[in-house]
Amino acid sequence: MCTYPQKISALVLSLCAALVGCEQPPEPYVPKSSTAPAVVYCNDNTGYRPGAKPIVMGGTCCCTPNDELMERLHRDGHCVGMTAEDLAQQYRQAGFALKGPGHQRCNGLCPQGPHATLGGKCLCPPTPGTDYYEKVIVGTNLPVK
Amino acid sequence: MRRVTIVLSLLAILAACGCAEPADNKVTLIDALSARTSSNPRHNDCAKLLATYCQRHDKDYALWAMDYVSLCLMGGNYDAAKAELMNCQKDIASRQDKNRETAAAIANESQKLFKGEPYERAMLCCYLGLLHYMDEDYNNARIFFAKADQEDATCGDDMKDFRHDFQLAHYWLGRSYLKLDQSDNARVAFAKASQSLLRKGQEKETAAIRKQHDKDRNTRIRLEKQSYKNAIEAKPPVAGAADVSDSPAWGEMPAALPYAAATNPVELTTGKPEEFFSVGYQQQVNLILFIETGTGPIRLVDDYGDYIFRSPYIERNALVYIDGHRAGPAFQVLDVFHQADTRGKSEKDAAQAAKGLTKAVLKQMPFGVGTAAAYWDVRADERYWSLLPGEVHVFAAKVRPGLHTVSIRCADANGYLLPRYNLTRYHLPVLEDRESVFILSTRPEADNVYVPAKN
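Chains as they are written, first to last, in numbering that gives the first Met the number 0: chain A, 0 to 144; chain B, 0 to 454.
Pulled out of the complex, with its shape left as it was, chain B reads as follows (with noise of 0.2 Å):
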């Protein structure tokens, strides 16, 4: 039943399809939306895009907040994502709407001012955190840490256990803490952002993740060799294009790559968390990566309720290249579908329910009522913050000053490169007297610099 629904509810979405922008528009909501995955995406476009819809400030501003600051973070527009954070989180704290409230609770969850999930407002604050311990503004970083570590603890009674498990959080706090000369805060904060509580089901969904990827795997190769087979047989070939077919295992990626710098820039690396998560180690370093990858969860609605699915993204591991030597893996804090999936039950859910289960009841019903509750809709909220990404990796390490190239190298659930997500970034600095930090997406084609031939 539960499927039947789902896939109901998913041909209902596709058949109210209809949004294309005009065509006379540069960039569509499509455009916006598909950023994180776009081999081309243009942030700056696609956030003056969203931006319109911010101004509107109606019942999905929050909604379109949050999508408009993914944009302006990945596109490094700090100050915009800054500013519209602020007011994003004033919105959720202090906007009542309570027509809204009584209208939602008896049709469209929808209806309400959105407000966003537990996950969702310990994401934005977590931003907003990162963005002033950027700002070098440490208190208030850590306020906004500590404010994600609350969200995340409003989840479901029934998840209780999951409460204070937003690693992400933790371990910026911890950084904070250590700006503050708080060591014995930070130690607890960095203990609690090495651990990683497993959900139910959760080994079993790894095993099945994994063994899709091994099937991906095989079929990716069979078509990057075909790939290549076109590029090199294309009339003209096409200059400089190389075999990405192979796909080796993390633990066989050289030390160093072919074009690395005559010295090793990194002076302090590891790859144990144990040492990773240490006051000691943390104090040391001077160049924090904080990387995301892949897509956040997609939720889907019916008459009962939602239900969150992992979004099909497939690097699920980092490792960092620096001026071409192997610095280290990056360290997994945040898993966005795993906070979704922990987020519990509440009383909005059962309501939901009884709505979705009246509903069934009264289209049983006859004299013509039966056909008016067709018309009637309840169907639970189906928005969602859908430019999170999947997972947030953390890299730190004390490297020479001097500006370097950052590599990152991706690599599937079982730990086999994946070409394609390769990200290179060039002269990223890092200074003498104070530590640098910067944000990285993982994306398909990132360093993939073919230009089609036009015709």
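With the rest of the complex left out, here is chain A (with noise of 0.2 Å):
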């Protein structure tokens, strides 16, 4: 394990390292997308997907069970006679962990994580404006730099 005068020096390591090289054309560019890619696994950020079955049940909707939820879904012919506690519960028995005190936004970095939809078992809501959230959202198949 480090000490802290290793710190710095990693640091300026590697402020030598973005020196070097500095004159050296950069890699290709090639620009992200400038269409947003379809929302698959929906979740409290992005709202429920009309049509989408909870994840637990081999669906794709990551959403926090709620009344508001279990109307939709009903209205959608899934988890039908449920109340979003027997949902929460059916979450909780396959080993997930759903956002609640203490874990609202941990964007995977929690003892459950990654998130469902990448393999894991956290369904904290990813958070807005980050390289997880895109990838959460859009499954696994996100091209990987």
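Keep in mind that the hints were calculated from the coordinates and are not lab data.
Where hints are given, some of them may not hold.
So the derived list for chain A, only partly shown, Cβ under 7 Å to chain B, looks like this [to be verified]: (1) Pro27; (2) Tyr47; (3) Thr59; (4) Thr126; (5) Glu133.
Cross-link-like lysine to aspartate or glutamate pairs, in silico, EDC-like; alpha carbons within 16 Å at most [said to hold, decoys possible]: (6) B:Lys214 x A:Glu26; (7) A:Lys31 x B:Asp44; (8) B:Lys224 x A:Glu67; (9) B:Lys234 x A:Glu26; (10) B:Lys224 x A:Glu22; (11) B:Lys228 x A:Glu26.
If you want the ones that stay clear, here's a sample from chain A, every Cβ over 12 Å from chain B, calculated [said to hold, decoys possible]: (12) Pro36; (13) Ala83; (14) Lys120.
No residue lacks a Cβ here, since even glycine has one placed at the ideal position from N, Cα and C.
Please assemble the complex out of the two chains, which come individually in their own frames, going by the hints.
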């Protein structure tokens, strides 16, 4: 494990590394698509995507169970007869960690992470404005840099 | 003399290198500490690495915690950031170690507990305030933003004019007051947020940066042309490669980008500071972007003291597009170097200079005293929050509720576009009944999806 002076060395080295080769042409620039990809996996931040079934049932809805969500799920023919607590219980039994006190905005940095759409057990809505958010809502098929 | 000592300390630091983590580790300390400039930062992995340093809870705890928090904020891990910020703040306020204080008084200053400089503590309070604000805990947000102002006020007597110029804290203090229905207090806070004081040598520094950026732009255009040529002449050519050698002035940027949505979602925006920092405007906005650009200042030390330098980042302005429509500029509310440079001189600095001078005198003494003195380590405190941004800009507008694509276009000090620093974020939710606040950090190649061909 490093000591503090070594931390400074690391920083200076990284700065030097950034400066080295600054006269070289940079790598090619392939711009990110200007069109937003479709939301595949919905969550509390994107809002419920009509027709989506809860992920615990093999669907693409990662929204936190509540009465409003249940109403919409029922309207789409999913979870009929279930309450929000029933769905939350099903998630818990399957080992998923839902959004709750102390688990509001972990963005995958929690013991249950990564997010369920990336193969983990975390169902905390991802933080908008991050790379992680874009990966989670699209699923695992994003091209990795 | 001063320059020589700075160069020598830089060389000493480089010589003392050997910081790489074991090869089997997935990320190294270098990865973690260069996350702000990395084209592919792995925030979660880096945060996990720094968490192990925080857990040691040694004299450098607050320092590691600050860097850890920066990684968490960049990665969107606000739960972890808030918890560590609270611990760190308590630690700074209450932890004492007299033995270490005594040791630092006669030897290397970095032996004592790290508690940060006024600007670092102010920034820590600002982040805490912001996270409380985002949780709609406006009273605690107000308390932390006010505390940030108090921390800023602890700078030395020679900089007393700069004791309440932490504009970032004043801006958010104003917003917190608005939420608490205290519009008169908000008005005062916004007025303070809009005032930037010129420090000694600032005009000269700005002119030098502009001159340097002008030179850099010419080099950049030349190298970008070469890069594009290489991309299209490669076998096979790089699919989707774009020529980004064009670096237009900010004012020449179009009102709508080619892919802009059919309707402009921005209902209210402004480019005028006097309007932006007004209660009337701030009451109407529902989307606020907290945009961090560049990298924080660098600190170098010798036996006589420490010296702070602006790190050589280039993105000095930020322009916001929403769904492809020009929404306006983000206003600079923090220049971290300015805050670091106006921390002033304290008793600690005088004591450090005395230590350095004593060592220098002793080194001239005969009969082995000089040789022994040469081994006396009296260096100043070299520790600083290395993952701070260079600047913070704030954008606020009234936007139609829904999911929006936000694009940040950065410009250099002369207002010329830096295409490699474009930052596009998809599906940012703007809600019907509450405001949306997002923390964004610019970095090189954020929008570059080029994947090098594997050999």
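Problem - Violated hints, by number in ascending order, as checked against the structure - result: The structure breaks hints 2, 3, 6, 7, 8 and 12; every other hint is satisfied.
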